[in-house]
Amino acid sequence: MIQAKFDLDESQFEFLNQFEQYGFRDESELVRMALTRLQQELQRDRLEESATLYAELYEEDEEVRSLTEAGLLK
Numbered sequence: 012m013i014q015a016k017f018d019l020d021e022s023q024f025e026f027l028n029q030f031e032q033y034g035f036r037d038e039s040e041l042v043r044m045a046l047t048r049l050q051q052e053l054q055r056d057r058l059e060e061s062a063t064l065y066a067e068l069y070e071e072d073e074e075v076r077s078l079t080e081a082g083l084l085k
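The opening residue of the sequence shown carries number 12 in our numbering; numbering runs sequentially from there.
One or more hints might be untrue.
The calculated label-pair distances, taken between Cβ atoms and stated as ranges, are [stated by the list, open to error]:
hint : residue 1 : residue 2 : range
1    : M12       : Y33       : 49 to 59 Å
2    : D18       : Q50       : 14 to 24 Å
3    : R43       : E73       : 46 to 56 Å
In case anyone wonders, no lab produced these hints; they're calculated from the structure. Even for Gly, the Cβ is constructed at its ideal location relative to N, Cα and C.
Kindly produce the complete structure, drawing on both the sequences and the hints.
Shown next, in the form of structure tokens:
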């Protein structure tokens, strides 16, 4: 695995040192899980934002609705 060095504030450091209480083998496992969850959350947020923009476009643009309906009828 690749190693990384980063700075933490005091509360983050204290949380990291409680890795065993959360069922992790070590600090690295906790950090990897946290980063994976953050990555998934950011991707989900981006997808939701994209879906909202497409819904707004669909609602506002008659041509887009017509093209969509034509595609569904094929």
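Results of checking the hints against the structure:
no.	hint	verdict
1	M12 - Y33: 49 to 59 Å	violated, 20 Å
2	D18 - Q50: 14 to 24 Å	holds, 20 Å
3	R43 - E73: 46 to 56 Å	holds, 48 Å
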